[in-house]
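Novice: The chain contents come next:
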Amino acid sequence: MSESPLSQETVHAAPTNGLPAFHTRIADLLDDVTAPAMLAADAATATAAGVAANAASGAPAPDAPPSSSPSTAVSVANLFPPLPARPLDAESPPPAVDAGAPLPGERLVGAPRRPATPLSAANLPPFLAPSSPPPPSDAGESSPPAASPRGEAPPTDAVGESSDALAAANQLVNIKGRSDGIVVEVGRGSWSEILGVLTKRLEQSAGFFRNGSVALDVGARPLVEDELRQFAAVLTQFEMKLGVVRTSSERTFQAALAIGMTTTLESPEGAPVAAATPAATNAGAASYFVYRGYLRSGHRLRRTENILVIGDINPGAEVISEGDILVWGRLRGVVHAGASGNRRAIVAALDLEPTQMRIADVTTIGPDPKPGQPGRFFWKRSQHKRPEIARLVQNEIVLEEWDAARPGGLVSLRRGAG
Amino acid sequence: MTGTVITVTSGKGGVGKTTTTANLCAALTQLGQRVVAVDADIGLRNLDLVMGLENRIVYDSIDVAEGRCTLQQALVRDPRAEFLYLLPAAQTRDKTDITPEQMSKICQQLVNIADYVLIDSPAGIEHGFSTAIAPADRVLIVTTSDVSALRDADKVIYLLERDWHRQPGLVINRFNPRLVNSGEMRGIDDVLDILAIDLMGVVPEDERLMLSTDRGTPAAFDRRMQVRRAYENIARRVMGNNVPLTDYYRGGFRGWLARIFGR
Numbered sequence: 002m003s004e005s006p007l008s009q010e011t012v013h014a015a016p017t018n019g020l021p022a023f024h025t026r027i028a029d030l031l032d033d034v035t036a037p038a039m040l041a042a043d044a045a046t047a048t049a050a051g052v053a054a055n056a057a058s059g060a061p062a063p064d065a066p067p068s069s070s071p072s073t074a075v076s077v078a079n080l081f082p083p084l085p086a087r088p089l090d091a092e093s094p095p096p097a098v099d100a101g102a103p104l105p106g107e108r109l110v111g112a113p114r115r116p117a118t119p120l121s122a123a124n125l126p127p128f129l130a131p132s133s134p135p136p137p138s139d140a141g142e143s144s145p146p147a148a149s150p151r152g153e154a155p156p157t158d159a160v161g162e163s164s165d166a167l168a169a170a171n172q173l174v175n176i177k178g179r180s181d182g183i184v185v186e187v188g189r190g191s192w193s194e195i196l197g198v199l200t201k202r203l204e205q206s207a208g209f210f211r212n213g214s215v216a217l218d219v220g221a222r223p224l225v226e227d228e229l230r231q232f233a234a235v236l237t238q239f240e241m242k243l244g245v246v247r248t249s250s251e252r253t254f255q256a257a258l259a260i261g262m263t264t265t266l267e268s269p270e271g272a273p274v275a276a277a278t279p280a281a282t283n284a285g286a287a288s289y290f291v292y293r294g295y296l297r298s299g300h301r302l303r304r305t306e307n308i309l310v311i312g313d314i315n316p317g318a319e320v321i322s323e324g325d326i327l328v329w330g331r332l333r334g335v336v337h338a339g340a341s342g343n344r345r346a347i348v349a350a351l352d353l354e355p356t357q358m359r360i361a362d363v364t365t366i367g368p369d370p371k372p373g374q375p376g377r378f379f380w381k382r383s384q385h386k387r388p389e390i391a392r393l394v395q396n397e398i399v400l401e402e403w404d405a406a407r408p409g410g411l412v413s414l415r416r417g418a419g
Numbered sequence: 002m003t004g005t006v007i008t009v010t011s012g013k014g015g016v017g018k019t020t021t022t023a024n025l026c027a028a029l030t031q032l033g034q035r036v037v038a039v040d041a042d043i044g045l046r047n048l049d050l051v052m053g054l055e056n057r058i059v060y061d062s063i064d065v066a067e068g069r070c071t072l073q074q075a076l077v078r079d080p081r082a083e084f085l086y087l088l089p090a091a092q093t094r095d096k097t098d099i100t101p102e103q104m105s106k107i108c109q110q111l112v113n114i115a116d117y118v119l120i121d122s123p124a125g126i127e128h129g130f131s132t133a134i135a136p137a138d139r140v141l142i143v144t145t146s147d148v149s150a151l152r153d154a155d156k157v158i159y160l161l162e163r164d165w166h167r168q169p170g171l172v173i174n175r176f177n178p179r180l181v182n183s184g185e186m187r188g189i190d191d192v193l194d195i196l197a198i199d200l201m202g203v204v205p206e207d208e209r210l211m212l213s214t215d216r217g218t219p220a221a222f223d224r225r226m227q228v229r230r231a232y233e234n235i236a237r238r239v240m241g242n243n244v245p246l247t248d249y250y251r252g253g254f255r256g257w258l259a260r261i262f263g264r
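Read top to bottom, the protein sequences are chains A and B. Heads up: take any position in the first sequence, counting from 1, add 1, and you land on our numbering. Heads up: take any position in the second sequence, counting from 1, add 1, and you land on our numbering.
Calculated directly from the structure, the hints in this document are not laboratory data. Every residue gets a Cβ at the ideal spot worked out from N, C-alpha and C, and that includes glycine. There could be a bad hint or two in this list.
[Unchecked claim] If you want the footprint, here are the derived chain A segments under chain B, 3+ residues with CB under 8 Å: (1) 289-300; (2) 303-316.
[Said to hold, decoys possible] One side only, chain B facing chain A, incomplete, derived with CB under 7 Å: (3) 64; (4) 152; (5) 155; (6) 156; (7) 158; (8) 159; (9) 197.
Build the full structure now, drawing on both the sequences and the hints.
Specialist: Here is the structure:
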């Protein structure tokens, strides 16, 4: 219960230990920066390298557009293998030093959500100076002490405002330059308020971020498609683009997918749960989306890929896939496989007792409770408890136990598909 | 020294949040803890009635939030206990009159003087729920074993995990072993099967509990009440002790004896 914030801290504190190396090697690294296609940073490689080289040598780069720095930072991060103490072994991508561009999804998974970088500002190359807010102290932006050698002040310094108003604004919108790009974190508050503050701060930054690719970190806040579109529109207005949406809310994840953005879904501790690029680049039906944990009442999981749930689907939850739905656990909610009309989709579960099951356009409902007995779906553990597979055979959903389905089943699967 | 803020919630109304809060507070004070009960059910306050402190209320939490009085002035002391205070809710105001931030601020002050701050959450999952959950270090979900309570508890757990990143503990209230034994009602295992969270305790159904609630004497203060054992066990588990679960299913003399001694 109470440990979750704690563990979050430890998770993020862990990756610090690679940083000395980061410093000593940053100069070499910057020379051979390759086109960082990963984080949708498509700024010109040449300028990126140029700026970075300038920056590393400590000289301000007044002539080159400073906004290409995020892409540089990304590639720096790429050149490093995942840092040792990272807790997500299973999902972490291969180090990918020179293995060509990994899949966009994988790259995003690899990026630590909040690289805690307790560096002194003096050690930082200038283009990273406004980054590194030690712990996320929202109250006051720790303006880098005396570290604004460039002509234009970093936007975080936003001069000319009372510190109170600034702190309030920073709670709504927090713009950070991080090792993996510009990150905009939004706090609580109405969306229009946030957009207002963002607009204002981008105006103040006077084109500092121009051409930059932005990662939007919305935390647990659920967003709808329109809100994301508005956000992207504000960025476009300042010649920036929305690269990736990070969220721990399933709703936002779906919204971002729906309007074709790259997005990552992360658990509250910052561990990636899923990453996805828009369906155009992701051959949907062939891949699996794995959900670990309980899907509880009110939870709606909708994906284009096949879905594998390791855990239970409780009554009141909805799972919708354009492919198959497999459940390693109890299935007692509402499922819809083959939602786009795929009649070959199947539903399989260790304990298949859905409230309602749909495959393509065919629907079945669970049997009504017997009179005198409490409702079936919240009743006891089911009596037979055998894994079952449901599929369409001639416009009807047929349930078969897995061992009955297996020998002839594979044949009948083919037959049933016709 | 800082205490722990525990919010008692359920989703569905009428499952015994307020009764559980009052009795858990009483049980914790009897175990020597310093406790403050906070009623977050603004506009429909009940906790003061169940604790029998209604006539002592002068100020309430909204007065504190809006700065009309100090926190010390608003706290109502329970004369039956060493250190048990109630921070009452306003009856004449609305749930939207206090923000989650204000509630958190009040609780930050309270944990400096108390070991445990228990917040009685309103039913539902709207603004009042957020207000009650925002300051919580831990959350207790109270549920009975009927369908609607379980469904709502499931939804609340989902919300807690999604929006608040909290893993709650479960209290099964009004548990009736007789109906379970006759196969007509869900047992503890079935409930845990569905909700899949840690069990903090089981409170058996007891009609005298309703009467004691009505009189304003928490059962935990009443030595004649057997059910007070159940609350005492929950309180011990909240404090981190390992207390075995009472076997409510066992019949006969030995089962009766075991239940009397709360084992």
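Novice: Each hint should be assessed against the structure and marked as holding or not.
Specialist: Okay, the hints, checked on the actual structure:
Counting residues of the segment 289-300 of chain A whose CB falls under 8 Å from any CB of chain B gives 5; the rule of at least 3 is met. For the segment 303-316 of chain A, the stated coverage by chain B is satisfied: 3 residues place a CB nearer than 8 Å to a CB of that chain, which reaches the threshold of 3. Given hint, residue 64 of chain B at the interface with chain A, is violated; its Cβ is 25 Å from that chain's nearest Cβ, farther than 7 Å. Because the beta carbon of residue 152 of chain B sits about 5 Å from the nearest beta carbon in chain A, less than 7 Å, this interface hint is met.
Contact between residue 155 of chain B and chain A, as hinted, is supported at the beta carbon level, the nearest pair being about 4 Å apart and thus within 7 Å. Annotation: interface hint on residue 156 of chain B holds; nearest CB of chain A at approximately 4 Å, less than 7 Å. Because the smallest distance between the Cβ of residue 158 of chain B and any Cβ of chain A comes to about 6 Å, under 7 Å, the interface hint for this residue holds. Interface restraint check: residue 159 of chain B against chain A, minimum CB-CB distance 4 Å, threshold 7 Å, status holds.
For the restraint placing residue 197 of chain B at the interface with chain A, the shortest Cβ-Cβ distance is roughly 6 Å, inside the 7 Å limit, so the hint holds.
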